[in-house]
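Going by this note's numbering, the sequence shown opens with residue 10, and the numbers climb by one from there.
Simulated from the structure, these hints should not be mistaken for lab results.
Note that the Cβ used here is the ideal one computed from N, Cα and C, for glycine as well.
Restraint-style ranges between C-beta atoms, simulated for each label pair:
id, residue 1, residue 2, range
1, Ser-47, Pro-406, 40 to 48 Å
2, Arg-75, Gly-191, 17 to 25 Å
3, Gly-214, Ile-341, 20 to 28 Å
4, Arg-283, Ala-112, 41 to 49 Å
5, Ser-315, Met-188, 41 to 49 Å
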Amino acid sequence: MLWQNRDFLKLWAGQTVSLFGTLLGALPFTAIFIIHASAMEMALLSAAQMLPGFLAGLVAGAWVDRLRRRPLMIAADLGRAALLGSIFVAAWFDVLRIEHLFAAAFATGALTILFDVAYHAYLPTIVEPRALTEGNAKLAASASVAEAGSFSAGGWVVQFASAQAAVLADALSFIVSAMCLGAIRAPEPQPSPRGEREGILPEIGEGLRVLFVDPALRALALANIARHFGYGAIGAVILLFVTEGELGMSPGLVGVIFAVGGVSSLFGAGLAGRAARRFGVGPAMVCGLSVAAVASLCIPLAPDSSLTGIAFLVAQQLFGDAADTVFDINEISLRQALVPARLLGRIEASIRFLSLGVMLLGALAAGVIASQVDLRAALVTGTMGMAAASLFVLFSPARQVRTIDGPKGLH
Numbered sequence: 010m011l012w013q014n015r016d017f018l019k020l021w022a023g024q025t026v027s028l029f030g031t032l033l034g035a036l037p038f039t040a041i042f043i044i045h046a047s048a049m050e051m052a053l054l055s056a057a058q059m060l061p062g063f064l065a066g067l068v069a070g071a072w073v074d075r076l077r078r079r080p081l082m083i084a085a086d087l088g089r090a091a092l093l094g095s096i097f098v099a100a101w102f103d104v105l106r107i108e109h110l111f112a113a114a115f116a117t118g119a120l121t122i123l124f125d126v127a128y129h130a131y132l133p134t135i136v137e138p139r140a141l142t143e144g145n146a147k148l149a150a151s152a153s154v155a156e157a158g159s160f161s162a163g164g165w166v167v168q169f170a171s172a173q174a175a176v177l178a179d180a181l182s183f184i185v186s187a188m189c190l191g192a193i194r195a196p197e198p199q200p201s202p203r204g205e206r207e208g209i210l211p212e213i214g215e216g217l218r219v220l221f222v223d224p225a226l227r228a229l230a231l232a233n234i235a236r237h238f239g240y241g242a243i244g245a246v247i248l249l250f251v252t253e254g255e256l257g258m259s260p261g262l263v264g265v266i267f268a269v270g271g272v273s274s275l276f277g278a279g280l281a282g283r284a285a286r287r288f289g290v291g292p293a294m295v296c297g298l299s300v301a302a303v304a305s306l307c308i309p310l311a312p313d314s315s316l317t318g319i320a321f322l323v324a325q326q327l328f329g330d331a332a333d334t335v336f337d338i339n340e341i342s343l344r345q346a347l348v349p350a351r352l353l354g355r356i357e358a359s360i361r362f363l364s365l366g367v368m369l370l371g372a373l374a375a376g377v378i379a380s381q382v383d384l385r386a387a388l389v390t391g392t393m394g395m396a397a398a399s400l401f402v403l404f405s406p407a408r409q410v411r412t413i414d415g416p417k418g419l420h
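Let the hints inform the model, and build the full structure from the sequences given.
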């Protein structure tokens with residue numbers, strides 16, 4: 010159906026290119042190989058990208074509904090391209106400093122929050138309701154393919170060209186995305202008149218209240234919070250651990266290993282529905298989180314850059330990413346069934362706000378632990394968050410959900 014929808018194809022193409030650029034890992038590779046950043050500086054860089062989502066995530070959800078989405082998305086793309094371009098120029102003239110990277114990471118993080126919230130709200134403008142599932146599936150598939158290709162390509166680009174080349178490619182990908190968005194012809198409805206709007210704070214408060222009223226929703230929120238703490242801790246130091254740290258692997262090899270996760274995510278996307286039908290939605294979520302937690306232990310257990318170490322990292326990508334995708338798809342589907350349509354945006358913004366907040370804490374905790382103990386201990390801290398996530402769902406009504414028949418309604 011959507012192959013005939015030219016506007017969707019433009020959006021899809023732009024997002025695919027942008028994802029490929031983003032997943033090259035331009036900022037962390039630049040910090041490691043040009044700045045020679047320490048473990049704490051890597052953690053702060055990761056935190057700088059996440060901090061805007063914590064500070065403004067809730068407001069962004071309400072604010073985006075008051076503006077036209079497509080111009081906002083174009084502006085966010087061009088802004089991110091300019092910020093990355095400034096890093097490329099500074100590195101070219103050998104004047105790049107870690108403070109520049111921190112500032113650029115914070116600013117790109119803020120623009121990314123605006124883009125992501127607007128993007129999820131904009132899709133129904135160009136896609137009919139009955140085709141939304143197909144559209145989201147295609148976009149998710151692009152994300153998995155981008156993960157598989159970009160992680161590998163990013164490592165080889167850095168190894169055989171330079172980290173600056175990865176930065177330039179990322180900047181150009183945002184320009185391509187902006188051009189694709191600019192070519193969309195579907196008219197966008199005008200935002201609601203100012204007199205018909207409620208205040209931002211009451212809208213934000215309603216979303217947070219609804220999220221924690223229902224026990225199943227509360228469990229899903231807590232699971233997301235716990236696993237994002239793990240993401241923050243692991244993500245802050247993993248590149249340093251596998252390249253300049255204990256393992257000492259080449260960027261090209263690391264890229265190939267991480268690319269396995271993209272292929273595995275595609276498999277997980279196909280497995281999610283089958284697991285829910287066979288075992289139930291709740292058990293599928295618990296199983297997905299549990300397998301992902303166990304798989305995350307493979308990272309700190311990797312001994313060195315030998316075949317054994319490579320096997321540990323590949324195992325984490327192979328099983329962890331697939332299992333995480335199984336949880337993601339079933340969790341989103343259950344949340345959509347539990348929450349009325351009028352509240353879905355605010356619930357999404359609330360979960361994003363809470364998740365990014367704990368990702369920030371996880372990244373900072375990893376930096377402190379890596380500095381005071383070592384990188385392996387920091388990675389183990391992340392696996393503990395992943396394990397806690399599975400327990401929140403296991404001991405909640407969400408575990409008992411077998412099928413999703415339709416909206417349950419929370420009013």
